[in-house]
Amino acid sequence: MTATLVVVGHGMVGHRIVQALRDRDTGGRWRVIVLAEEPRPAYDRVALSSYVDSWDPEALALPGNDYAGDDLVELRLGDPAVRIDREARTVVTAGGVEYRYDALVLATGSRPFVPPVPGHDLPGCFVYRTIEDLDAIRAAAERARTSTAPGRRAAMVVGGGLLGLEAANALRGMGFSPNVVELAPRLMPLQVDEGGGALLRRLIERLGLTVHTGTSTESIQRDGDRLLAKLSNGTELDLDLVVFSAGVRPRDELAREAGLEIGPRGGVVVDEGCRTSDEHVYAAGEVACLDGKVYGLVAPGYTMAEVVVDRLLGGGATFPGADTSTKLKLLGVDVASFGDAHAATEGALEVVFNNAVAGSYAKVVVSDDAQVLLGGVLVGDASAYTSLRPMVGRELSVDPALLIAPEGAGVGTGVGVGALPDDAQICSCNAVTKGQITAAITEQECADVPALKACTRAGTTCGSCVPMLRQLLESCGVEQSKAICEHFAHSRAELFEIVQSTGIRTFSELVTRHGQGRGCDICKPAVASILASLGSGHILDGEQAALQDTNDHFLANLQRNGTYSVVPRVPGGEITPEKLIVLGEVARDFGLYTKITGGQRIDLFGARVEQLPAIWKRLVDAGFESGHAYGKALRTVKSCVGTDWCRYGVQDSVTLAIELELRYRGLRSPHKLKAAVSGCARNCAETPTKDFGVIATEKGWNLYVGGNGGFAPRHAELLAADLDTETLVRYIDRFLMFYIRTADRLQRTSAWIESLEGGLDHLREVVVEDSLGIAEELEAAMRRHVENYTDEWADVLGDPEKLARFVSFVNAPDAPDPSIEFVERRGQRIPVGSEERGSQPALIAGPKLEVVNS
Amino acid sequence: MTALVERTETWVQVCRITALLPERGVAALLPDGSQVALFRTYDNEVYAVSNTDPFSEANVLSRGIVGDRGGVAVVASPMYKEAFDLRTGVCVDNPEVSVPVYPVRVVDEWVQVGLR
Numbered sequence: 001m002t003a004t005l006v007v008v009g010h011g012m013v014g015h016r017i018v019q020a021l022r023d024r025d026t027g028g029r030w031r032v033i034v035l036a037e038e039p040r041p042a043y044d045r046v047a048l049s050s051y052v053d054s055w056d057p058e059a060l061a062l063p064g065n066d067y068a069g070d071d072l073v074e075l076r077l078g079d080p081a082v083r084i085d086r087e088a089r090t091v092v093t094a095g096g097v098e099y100r101y102d103a104l105v106l107a108t109g110s111r112p113f114v115p116p117v118p119g120h121d122l123p124g125c126f127v128y129r130t131i132e133d134l135d136a137i138r139a140a141a142e143r144a145r146t147s148t149a150p151g152r153r154a155a156m157v158v159g160g161g162l163l164g165l166e167a168a169n170a171l172r173g174m175g176f177s178p179n180v181v182e183l184a185p186r187l188m189p190l191q192v193d194e195g196g197g198a199l200l201r202r203l204i205e206r207l208g209l210t211v212h213t214g215t216s217t218e219s220i221q222r223d224g225d226r227l228l229a230k231l232s233n234g235t236e237l238d239l240d241l242v243v244f245s246a247g248v249r250p251r252d253e254l255a256r257e258a259g260l261e262i263g264p265r266g267g268v269v270v271d272e273g274c275r276t277s278d279e280h281v282y283a284a285g286e287v288a289c290l291d292g293k294v295y296g297l298v299a300p301g302y303t304m305a306e307v308v309v310d311r312l313l314g315g316g317a318t319f320p321g322a323d324t325s326t327k328l329k330l331l332g333v334d335v336a337s338f339g340d341a342h343a344a345t346e347g348a349l350e351v352v353f354n355n356a357v358a359g360s361y362a363k364v365v366v367s368d369d370a371q372v373l374l375g376g377v378l379v380g381d382a383s384a385y386t387s388l389r390p391m392v393g394r395e396l397s398v399d400p401a402l403l404i405a406p407e408g409a410g411v412g413t414g415v416g417v418g419a420l421p422d423d424a425q426i427c428s429c430n431a432v433t434k435g436q437i438t439a440a441i442t443e444q445e446c447a448d449v450p451a452l453k454a455c456t457r458a459g460t461t462c463g464s465c466v467p468m469l470r471q472l473l474e475s476c477g478v479e480q481s482k483a484i485c486e487h488f489a490h491s492r493a494e495l496f497e498i499v500q501s502t503g504i505r506t507f508s509e510l511v512t513r514h515g516q517g518r519g520c521d522i523c524k525p526a527v528a529s530i531l532a533s534l535g536s537g538h539i540l541d542g543e544q545a546a547l548q549d550t551n552d553h554f555l556a557n558l559q560r561n562g563t564y565s566v567v568p569r570v571p572g573g574e575i576t577p578e579k580l581i582v583l584g585e586v587a588r589d590f591g592l593y594t595k596i597t598g599g600q601r602i603d604l605f606g607a608r609v610e611q612l613p614a615i616w617k618r619l620v621d622a623g624f625e626s627g628h629a630y631g632k633a634l635r636t637v638k639s640c641v642g643t644d645w646c647r648y649g650v651q652d653s654v655t656l657a658i659e660l661e662l663r664y665r666g667l668r669s670p671h672k673l674k675a676a677v678s679g680c681a682r683n684c685a686e687t688p689t690k691d692f693g694v695i696a697t698e699k700g701w702n703l704y705v706g707g708n709g710g711f712a713p714r715h716a717e718l719l720a721a722d723l724d725t726e727t728l729v730r731y732i733d734r735f736l737m738f739y740i741r742t743a744d745r746l747q748r749t750s751a752w753i754e755s756l757e758g759g760l761d762h763l764r765e766v767v768v769e770d771s772l773g774i775a776e777e778l779e780a781a782m783r784r785h786v787e788n789y790t791d792e793w794a795d796v797l798g799d800p801e802k803l804a805r806f807v808s809f810v811n812a813p814d815a816p817d818p819s820i821e822f823v824e825r826r827g828q829r830i831p832v833g834s835e836e837r838g839s840q841p842a843l844i845a846g847p848k849l850e851v852v853n854s
Numbered sequence: 001m002t003a004l005v006e007r008t009e010t011w012v013q014v015c016r017i018t019a020l021l022p023e024r025g026v027a028a029l030l031p032d033g034s035q036v037a038l039f040r041t042y043d044n045e046v047y048a049v050s051n052t053d054p055f056s057e058a059n060v061l062s063r064g065i066v067g068d069r070g071g072v073a074v075v076a077s078p079m080y081k082e083a084f085d086l087r088t089g090v091c092v093d094n095p096e097v098s099v100p101v102y103p104v105r106v107v108d109e110w111v112q113v114g115l116r
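Same order as they appear, the protein sequences are chains W and G. Using full-length UniProt numbering, the final residue of the first sequence is 854, and nothing's skipped along the way. Using full-length UniProt numbering, the final residue of the second sequence is 116, and nothing's skipped along the way.
Certain hints may be false.
[What the hints assert, rightly or not] Restricting the straight-line Cα-Cα distance to at most 25 Å, the calculated cross-link-like pairs of lysine-lysine (PhoX-like) are:
id : chain 1 : residue 1 : chain 2 : residue 2
1  : W       : K453      : W       : K327
2  : G       : K81       : W       : K699
3  : W       : K617      : W       : K482
4  : G       : K81       : W       : K230
[Claimed, not checked] Partner residues aside, some chain G positions facing chain W, computed with beta carbon under 10 Å:
id : residue
5  : T52
6  : S56
7  : V111
8  : G114
[Unchecked claim] Quick list of the computed label-pair ranges, beta carbon to beta carbon:
id : chain 1 : residue 1 : chain 2 : residue 2 : range
9  : W       : A804      : G       : V72       : 27 to 33 Å
10 : W       : R682      : G       : N94       : 21 to 27 Å
11 : G       : V72       : W       : G175      : 54 to 60 Å
In case anyone wonders, no lab produced these hints; they're calculated from the structure. Think of the CB as a built atom: it goes at the ideal place given N, C-alpha and C, for glycine as much as any other residue.
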């Protein structure tokens, strides 16, 4: 007999209930119907503010939120429950569908509280809760941007709590000057105390936000296209839009109408088993009122979800109480509060370090005998949070002042993870204790962080405990394997050392003498890259050819339909009209799709393997050479307009960019390398996202290293300032060669610098001060690279043996792959099949109709 | 493999064995328009599987890197890097997926593929 569970609400908690039930109910006792009000399945609302980075709702989607392939779950999106009939045990949706339930869980969450200020419902007033809310704010921001109304763009956020500050940050990102209005005398009144609040305000105002505390909004009025807000302290604000973020209220209306017991300040009253006054109805998350409290955090909601599921399966789990600790980075400012942050416990003592110069504030709250840690507040530097939070409620073995004493004060800081007792909670989002984690390591043989995440769920929600997971792995004696793959027990850096010191120059010899098996798609290209970095001739010479990834093997970039793209080098992004015309002619004659790249060159797409030599013959004849877009190698050195033309430039960025690109072209490295040179501090070449970036100063050049865009963007940091050109080039030589020798496979410079013991400071010592005494060796290696450089494509065109590999079929060398077909979009050819991803273009040509001019 | 070879009646001569680089593949076009990926491993074994990568549906498997997983000869698709067992065609990373394998033999230095 299958019983029916109806889950009302598909937020984070609703999703967790379904997930946990389906995980544990292996016998299929329950089938689940989820009624969701929002049009999309559960997403990570905690990370809502990150939506403004990508505007991609998919980036917030919670894993497994569509229950695809699970016949026991039915998810109804955009059809909220509107009525519960407890007697008949049915629930009716807005769409008029009726479901009978054996158990019902209310997981409706909360709604934003909008204070009844006159004008709160005018157009231009928003709340901050859902993806749709943010889309609406964005649309209004767009309208404000394009409107001709006078005045600079300004916004007001009502509420200076956690969410209010996040909203203010999002508005700042959209180009507004945000005002934050908070009724309490300080920001984040629930989490931080007066001292922390004062520092927080200073740090946040420094970022261009205006803070109004201890005041309320009196009225909002229409003023033409704009809004005029009056505050109770007399301030008047001329605004484009208003966002209310003044707390939330439980969405308990369904429960009220159904006659369930409601808490004095809202919320559906539940017992410690999360059951409401009706034994068939549960409530979990922000809608539930437990022990008179409504929790507005996801961690207690997740705990309630687990309790509900345990009860549904006949268990007796109870809600153990919640940890309301918070740690976050707001506008780059670390804020953390945990336990009894406000010293509300009778007789509690506070120890405070307030460093106004460094911009950090730390407080711990201890019991009256200073023996037990009760809570604390950290602002500006919250690094002690991960080790302090699990200590709450425990006997201290040290002077409380030592817990937060600043580094360099002559005392040890904080407490190590080893000192924590087994029942200390490491992951508070998922309630995982140190004991559970060490058991997973020692008994279930979890050997790395991903395994621990899969096994215990620790670190899967906010991620702040991941460093602790690593420490626990180490303290249990699990060495993090450096083996590059099953064929070598060495790291890439170790393999580099072996190849360099032994003089081995073939993969076969290396794997026979230092590895096992025959290699794979991980170690072969890694060794090929090492051999190339050490100058071992053409990358397609002899056995090396078999090691290369398809991109390096055909010296072009594989695209999704099996064709390749071609990117000739355009040093510094400077190109003559004649060469531009050649690119256009080649693209036209071979029917290639063209697109300008971010690295200031032109990408030609859709070339088949057997076409590549003919294409490159034309390009090489016109003076082009390989751009190495296909290799883990230097890509481009981008430049700005430069002093020849720009009114503002202070140094000749274009000439330097061209020199650097020609110097490092063809340099193989653990990952791709991108660079840029800007002629003044306006930085039009966008150096912060480059592996090395150079910005002109009045006195010379500043060198920045370790930036990257992509999946985990990071800004480059200053390595050395005001360098003359010769010193600059020397430092870049050293930096690149040191990276090539010591980085892991596919490790960008940013992650490499992070992994160095001592980080950027250590790198500076090696590169600038030559602390390891290897500078001369690194420079010599780079000299060899520069001297031995030849164009890979010109070499191939001059070598019949290599050219012979560029065929479509071994038994029909010039026959085009019949499966490659194109359609037209916006006047160019794209792979057939693309129409499923967008609008429907018409089929124009298979391979046989192609015009090939060679 | 033996049984498969015995059932095969039609063999297509594709190329000389010397056209295959050790530890690398080539593509060949069969009379019915289908494409086969041929590989020669370091020990001079020759394998033939469909050239179509089932994950991208592009005809690219012949351009993958050849190697071993736990001693079993595999090719890693150049598109999304899934490895396929060259003997059986089964995807090592996702055993529910596989590519067709073809009978293959070397006769007087010529590589021949059996039609299926």
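Status of each hint after checking the structure:
Proposed proximity of K453 of chain W and K327 of chain W is supported: the alpha carbons are some 20 Å apart, at most 25 Å. Proximity of K81 of chain G to K699 of chain W is assessed by CA-CA distance (about 49 Å); at most 25 Å being required, the pair is judged violated. Taking the CA atoms of K617 of chain W and K482 of chain W, the gap is near 43 Å; set against the 25 Å cutoff, the hint is violated. Among the hinted pairs, K81 of chain G with K230 of chain W is inconsistent with the structure: their alpha-carbon atoms are about 61 Å apart, more than 25 Å.
Restraint check, T52 of chain G versus chain W: the minimum CB separation of about 8 Å is within 10 Å; hint holds. At about 6 Å, the closest approach between the beta carbon of S56 of chain G and any beta carbon in chain W falls short of 10 Å, and the interface hint on this residue holds. Nearest Cβ of chain W to the Cβ of V111 of chain G: about 9 Å, under the 10 Å cut. The hint holds. The interface hint given for G114 of chain G is broken, as the beta carbon of that residue sits about 15 Å from the closest beta carbon of chain W, more than 10 Å.
Restraint check, A804 of chain W to V72 of chain G: a C-beta distance of roughly 30 Å satisfies the suggested window 27 to 33 Å. Restraint check, R682 of chain W to N94 of chain G: a C-beta distance of roughly 50 Å breaks the suggested window 21 to 27 Å. For V72 of chain G paired with G175 of chain W, a C-beta distance near 57 Å keeps the hint of 54 to 60 Å intact.
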